[in-house]
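Trainee: Read off the chains here:
There are 2 protein chains.
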Amino acid sequence: MRYARIRLDGRPVHAEIDGDIAHLLDGSPVDGKPRRTGSSVPLGGVDFLPPVIPGVFYAVGLNYRAHIEHYGKPVPDRPEVGYRANNALTGARLPIVKPAEVKGRFEAEGELVAVIGRTLRRAGRAEAQESILGWTIGNDVSAREWQHHDRTFWRSKNSDTFKPMGPWIETDVDPLVQTTTVRIDGVVKAEFATGDMVFDPFDYLVEMTKYLTLHPGDVLWMGADSTVQLEPGSTVDIEITGIGTLSNPVVDERGTPHVQ
Amino acid sequence: MRYARIRLDGRPVHAEIDGDIAHLLDGSPVDGKPRRTGSSVPLGGVDFLPPVIPGVFYAVGLNYRAHIEHYGKPVPDRPEVGYRANNALTGARLPIVKPAEVKGRFEAEGELVAVIGRTLRRAGRAEAQESILGWTIGNDVSAREWQHHDRTFWRSKNSDTFKPMGPWIETDVDPLVQTTTVRIDGVVKAEFATGDMVFDPFDYLVEMTKYLTLHPGDVLWMGADSTVQLEPGSTVDIEITGIGTLSNPVVDERGTPHVQ
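So the protein sequences, as listed, match chains D and F. Heads up: the first sequence at position 150 corresponds to 150 in UniProt numbering, and the numbers run straight through without jumps. Heads up: the second sequence at position 59 corresponds to 59 in UniProt numbering, and the numbers run straight through without jumps.
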């Protein structure tokens with residue numbers, strides 16, 4: 001099953017995606033089992049929204065060896081999680097806006113995202129696996145100069161539009177045997193196996209729920225193995241096999257896409 | 001006006017507090033102007049819930065000079081913000097649970113909290129001031145050993161029940177001329193002026209909204225000047241004049257409050 005959230009007549013509506021058709025639903029998949037309303041729209045022109053607005057937006061920072069070595073950090077010996085902010089979320093096909101003040105590297109990171117479907121506390125691995133509603137794709141856009149000089153990740157990773165997520169939640173996929181590919185204007189810039197994670201999503205959920213309760217709709221972004229430079233005027237696609245492709249144009253805040 | 005969120009017959013209900021009476025409301029104050037339903041309950045026995053569940057939970061880390069000096073950090077030269085997580089929120093009168101694994105200092109920090117009432121982007125100071133729905137009180141409970149040894153603040157500051165907030169949102173108060181007092185079992189352990197902040201709430205909102213959109217219901221915790229040790233079996237009260245008192249018992253996760 002593929003669950004999306006789309007904009008229809010200016011309002012967010014949940015939908016089940018079947019091929020090129022979005023069947024509208026009477027509720028959110030994180031609140032139960034929504035039913036089709038009987039209405040549908042063709043997928044071609046719809047505006048995707050983030051498929052879920054999380055109660056807590058968890059993100060794993062250093063979880064692929066090449067990325068960890070790139071930053072000269074030690075490989076973590078236990079799963080530790082950080083946070084991102086809902087203001088930064090945007091949907092597939094919507095623009096990533098590069099702020100006018102950003103200098104230096106402005107980068108995409110293609111990430112597997114777990115969407116929690118059940119309340120979870122002190123979970124074992126099997127329970128953690130059963131708690132997943134499905135999987136989607138995230139782009140952890142980062143302004144590196146801010147990241148390195150600010151005291152927190154607030155604007156470097158959480159400026160508006162820096163967190164595209166979507167296009168939908170796929171419920172029927174084994175997330176650990178897929179391939180993540182990042183393309184700029186159709187050209188492959190990075191490719192890595194989802195299974196190369198230091199700690200997998202269930203390792204994280206087991207460790208996290210020793211201390212905290214996860215709720216339906218919470219999301220966990222799993223980190224990336226590579227970073228890819230973004231330029232206004234281009235389009236970044238993140239494909240994870242078995243899930244789909246998250247595609248976003250990059251624009252300059254000043255409204256004039258750079259022509260390369 | 002004082003807006004609370006209380007538990008009634010197991011469900012969250014918004015209420016307007018008038019003296020010892022909670023007048024039930026037909027909606028949330030962050031979504032417009034709710035009206036009284038005509039029903040009311042006496043305040044004495046109600047379970048308070050966090051007065052708002054934020055879309056984004058912002059928190060200022062180093063904003064009072066004594067606290068900054070205590071940690072040997074430089075005084076920030078610009079407002080930078082961090083995040084806390086909704087799972088950790090709890091209401092007034094509800095227990096702060098000290099996890100069984102916590103060793104070393106387990107501390108309270110009494111904080112002024114701004115509750116955003118309007119969508120805000122690229123705000124000037126006057127607009128930032130007008131965007132506030134009201135003010136409440138937060139207790140930024142922290143397990144220092146985890147805080148100093150973990151890579152992020154995830155469990156040190158965001159374990160379940162580590163973020164009491166409430167008891168209500170006060171709409172009619174000047175937040176910059178109040179006194180914050182932290183008491184353990186009625187004994188004053190810390191007292192400081194809200195106005196001693198390095199950057200005030202409006203400085204933060206102006207800087208933050210250069211890069212991000214604030215939404216109704218977002219909260220901004222303003223930091224603390226002092227920390228106070230918490231022991232299971234005691235009760236911590238945080239009073240901010242003009243707003244009220246956030247009171248929470250501290251219990252041990254193992255269920256047996258220490259008797260001091």
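No lab work stands behind these hints, which were simulated from the structure alone. Hints are not guaranteed to be accurate.
One copy or two, it doesn't matter: identical chains are merged, so the pair holds either way.
Derived pair list, reagent style EDC-like, types lysine to aspartate or glutamate, alpha-carbon separation capped at 20 Å [as the list claims (entries may be wrong)]:
1) Lys73 x Asp150
2) Lys210 x Asp9
3) Lys73 x Asp185
4) Lys33 x Glu80
5) Lys103 x Asp9
6) Lys210 x Glu80
7) Lys210 x Asp150
8) Lys210 x Glu130
9) Lys189 x Glu130
10) Lys210 x Asp26
11) Lys73 x Asp196
12) Lys210 x Glu127
13) Lys33 x Glu207
14) Lys73 x Glu16
15) Lys103 x Glu191
16) Lys103 x Asp172
17) Lys210 x Glu145
18) Lys189 x Glu107
19) Lys210 x Asp160
20) Lys210 x Glu101
21) Lys33 x Asp150
22) Lys103 x Glu80
23) Lys73 x Glu107
Trainee: Run every hint past the structure and note whether it holds.
Mentor: Against the structure, the hints come out as follows:
1. In the homo-oligomer, the alpha carbons of Lys73 and Asp150 lie at most 20 Å apart both inside one protomer (18 Å) and across protomers (14 Å), since each shortest distance falls under that limit.
2. With identical chains, the CA atoms of Lys210 and Asp9 are never at most 20 Å apart, being 43 Å at best within one copy and 29 Å at best between copies.
3. With identical chains, the CA atoms of Lys73 and Asp185 are never at most 20 Å apart, being 31 Å at best within one copy and 45 Å at best between copies.
4. Taking the shortest alpha-carbon separations for Lys33 and Glu80, neither the intra-copy value of 32 Å nor the inter-copy value of 41 Å comes in at or below 20 Å.
5. Taking the shortest Cα distances, Lys103 and Asp9 never come within 20 Å of each other, neither inside one copy (37 Å) nor across copies (54 Å).
6. Proximity of Lys210 and Glu80 under a CA criterion of 20 Å is satisfied intra-copy only: 12 Å inside one chain copy versus 30 Å between copies.
7. Taking the shortest alpha-carbon separations for Lys210 and Asp150, only the inter-copy value of 15 Å comes in at or below 20 Å, while the best intra-copy value is 31 Å.
8. Proximity of Lys210 and Glu130 under a CA criterion of 20 Å is satisfied intra-copy only: 17 Å inside one chain copy versus 41 Å between copies.
9. Taking identical chains as interchangeable, the C-alpha atoms of Lys189 and Glu130 are never at most 20 Å apart, the minima being 34 Å within one chain and 46 Å between chains.
10. Neither within a single protomer nor between protomers do Lys210 and Asp26 lie at most 20 Å apart by alpha-carbon distance, with minima of 34 Å and 37 Å respectively.
11. Taking the shortest Cα distances, Lys73 and Asp196 sit within 20 Å of each other inside one copy (17 Å), while across copies they are farther apart (38 Å).
12. With identical chains, the CA atoms of Lys210 and Glu127 are at most 20 Å apart within one copy only, with a shortest distance of 13 Å there and 42 Å across copies.
13. For a Cα distance limit of 20 Å, the shortest separation of Lys33 from Glu207 qualifies neither inside one copy, at 28 Å, nor across copies, at 42 Å.
14. Taking the closest pair of Cα atoms, Lys73 and Glu16 never come within 20 Å of each other, the shortest separation being 41 Å inside a single copy and 51 Å across copies.
15. When the C-alpha separation of Lys103 and Glu191 is checked against a cutoff of 20 Å, the pair qualifies neither within a copy, at 26 Å, nor between copies, at 43 Å.
16. Taking identical chains as interchangeable, the C-alpha atoms of Lys103 and Asp172 are never at most 20 Å apart, the minima being 40 Å within one chain and 42 Å between chains.
17. Taking CA atoms no more than 20 Å apart as the test, Lys210 paired with Glu145 passes between copies only; the shortest distance there is 17 Å, against 35 Å inside one copy.
18. In this assembly of identical chains, Lys189 and Glu107 lie within 20 Å of each other by CA distance solely inside one copy; the values are 12 Å within and 47 Å between copies.
19. In this assembly of identical chains, Lys210 and Asp160 lie within 20 Å of each other by CA distance solely across copies; the values are 10 Å between and 32 Å within a copy.
20. Taking the closest pair of Cα atoms, Lys210 and Glu101 come within 20 Å of each other only across two copies (10 Å); inside a single copy the shortest separation is 41 Å, beyond that limit.
21. When the C-alpha separation of Lys33 and Asp150 is checked against a cutoff of 20 Å, the pair qualifies neither within a copy, at 43 Å, nor between copies, at 38 Å.
22. With identical chains, the CA atoms of Lys103 and Glu80 are at most 20 Å apart between copies only, with a shortest distance of 19 Å across copies and 30 Å within one.
23. In this assembly of identical chains, the alpha carbons of Lys73 and Glu107 lie at most 20 Å apart only when taken from the same copy (19 Å versus 30 Å across copies).
When the structure is compared with the earlier hints, violations turn up for hints 2, 3, 4, 5, 9, 10, 13, 14, 15, 16, 21 and for no others.
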